[in-house]
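Asks: Sequence:
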Amino acid sequence: MDRRKFLSTLGLGAAAAAVAGCGQTDCGPEAGGDTRKYRWKLVTTWPKNYPGLGTSPERFAEMVKAMSNGRMEIKVFGANELVPPFEVFDAVSQGSAEMGHGAAYYWKGKHPAAPFFTAVPFGFTAQEMNGWLHHGGGQQLWDELYAGFNLKPFAAGNTGTQMPGWYNKEINSVDDLAGLKIRMPGLGGEVIKRAGAVPVQLPGGELFTALESGVIDAAEWVGPYNDLTFGFHRIAKFYYYPGWHEPGPTLELIINKEMWDGLPDDLQAIIRAAAMWSNQDMLDEYTARNNAALIELQEKHKVQLRRLPDDVLARLKVESDAVLKDLVADNDFASRVYDSFRAFEKGVRNYANVAELSYMNARQLLAGD
1 MDRRKFLSTL
11 GLGAAAAAVA
21 GCGQTDCGPE
31 AGGDTRKYRW
41 KLVTTWPKNY
51 PGLGTSPERF
61 AEMVKAMSNG
71 RMEIKVFGAN
81 ELVPPFEVFD
91 AVSQGSAEMG
101 HGAAYYWKGK
111 HPAAPFFTAV
121 PFGFTAQEMN
131 GWLHHGGGQQ
141 LWDELYAGFN
151 LKPFAAGNTG
161 TQMPGWYNKE
171 INSVDDLAGL
181 KIRMPGLGGE
191 VIKRAGAVPV
201 QLPGGELFTA
211 LESGVIDAAE
221 WVGPYNDLTF
231 GFHRIAKFYY
241 YPGWHEPGPT
251 LELIINKEMW
261 DGLPDDLQAI
271 IRAAAMWSNQ
281 DMLDEYTARN
291 NAALIELQEK
301 HKVQLRRLPD
311 DVLARLKVES
321 DAVLKDLVAD
331 NDFASRVYDS
341 FRAFEKGVRN
351 YANVAELSYM
361 NARQLLAGD
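For the sequence shown, the residue numbers in the working numbering are 1 to 369.
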């Protein structure tokens, strides 16, 4: 690699231009690298500027602009500002927007393997998901899958373990799930269906009204930080844990692949770095905010925090295993993803049992407060 190419790859196109002896606005690609400016649109499945989910794409866009010294500016559109929330995938695939931010499990109808790149029931924590994607072969499988839709994906956020949601009815046994209309996306919805509930697919912006009006009986959204913002505590009494359905959900940045392939190396490197920063930054934000929000829900709003009974969790685990096996049974690529996922899970679970899990158990046992 020559010196100018090396500088460009590091995201220092301006430095390369200076070395070449001409200003950035004067140099063409041959003299000092690609100096074109890019103005892209990023559409999201989230309400505009919604805490965490909606503000993270905004921070990503700011980071890219700063790192590129203004060569790339990205305008972020919230759900329904440019396209409906569940049309983000198609909009970016077809090129009506260059970028999108959402969750792969929304696109299960596109391919059965898609949910593995957000979360599967009783699957990876955020830390484990990042390990599989970045060092366990997950990203390569994700690239291969999305290339067929003219997309390039990146992990760009994680909320950490979520909550199974808000219920107006107390859940004491599996029988209490029978007939309940529960908003739960992804494979979690398939699992509760097999356990007797009725899964409902709704975007976040419609949940409060649907729960308030009785269109749904329960709603899963994210966790205390976001749930407090939506005000679910005003219309539902019981708040359940643990988050079996989404233990570490990855959010995605998707880019139209033709446009991605046309970017110079330095801007590709900047986007990669900004996406990885966003991925960690969102997890850090939720880690910092969830506990304070949970305390407010319990102490100020008198929310009743409840643990799902062991027999309910056991039934959900049985149904989860069956859902995953059925999901991949008739698709060779989905089977490859499943095999990779399970092999990595076995390894990280073995170490987590003697590392994170045993430490957290010891910390809880010995806590003096």
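Hints should not be assumed to be uniformly reliable.
Subject to a maximum C-alpha distance of 25 Å in a straight line, what follows is the list of computed DSS-like cross-link-like pairs (lysine-lysine) [to be verified]:
#1 257 with 41
#2 193 with 110
#3 193 with 181
#4 181 with 257
#5 169 with 108
#6 257 with 75
#7 237 with 108
#8 65 with 41
#9 302 with 110
#10 317 with 302
#11 317 with 193
#12 75 with 169
#13 317 with 181
#14 257 with 237
No lab work stands behind these hints, which were simulated from the structure alone.
Asks: Taking the hints in turn, state whether each one holds.
Replies: How the hints compare with the structure:
Annotation: proposed proximity of residue 257 to residue 41 holds, straight-line Cα distance about 14 Å (limit 25 Å). Our distance criterion of 25 Å between C-alpha atoms is met by residue 193 and residue 110, whose separation comes to about 20 Å. The hinted pair formed by residue 193 and residue 181 meets the criterion: a straight-line CA distance of about 10 Å does not exceed 25 Å. With a CA separation close to 38 Å, the supplied pair residue 181 and residue 257 exceeds the 25 Å bound.
The straight-line distance between the Cα atoms of residue 169 and residue 108 is roughly 29 Å, outside the 25 Å bound, and the hint therefore fails. The straight-line distance between the Cα atoms of residue 257 and residue 75 is roughly 18 Å, inside the 25 Å bound, and the hint therefore holds. At most 25 Å may separate the alpha-carbon atoms for a hinted pair to count; residue 237 and residue 108 exceed this at roughly 31 Å. For the proposed pair residue 65 and residue 41, the alpha carbon gap of about 13 Å is at most 25 Å, so the pair holds.
With a C-alpha separation of about 42 Å, the suggested pairing of residue 302 with residue 110 is violated against the 25 Å cut-off. A C-alpha spacing of about 30 Å is found between residue 317 and residue 302, which places the hinted pair above 25 Å, so the restraint is violated. Only pairs whose Cα atoms come within 25 Å are accepted, and residue 317 paired with residue 193 is accepted, the gap being roughly 13 Å. Restraint check for residue 75 and residue 169: not satisfied, since their Cα atoms lie roughly 42 Å apart, outside the 25 Å limit.
A C-alpha spacing of about 20 Å is found between residue 317 and residue 181, which places the hinted pair at or below 25 Å, so the restraint holds. Distance restraint check for residue 257 and residue 237: the Cα-Cα separation of roughly 45 Å exceeds the 25 Å cut-off, and the hinted pair is therefore not satisfied.
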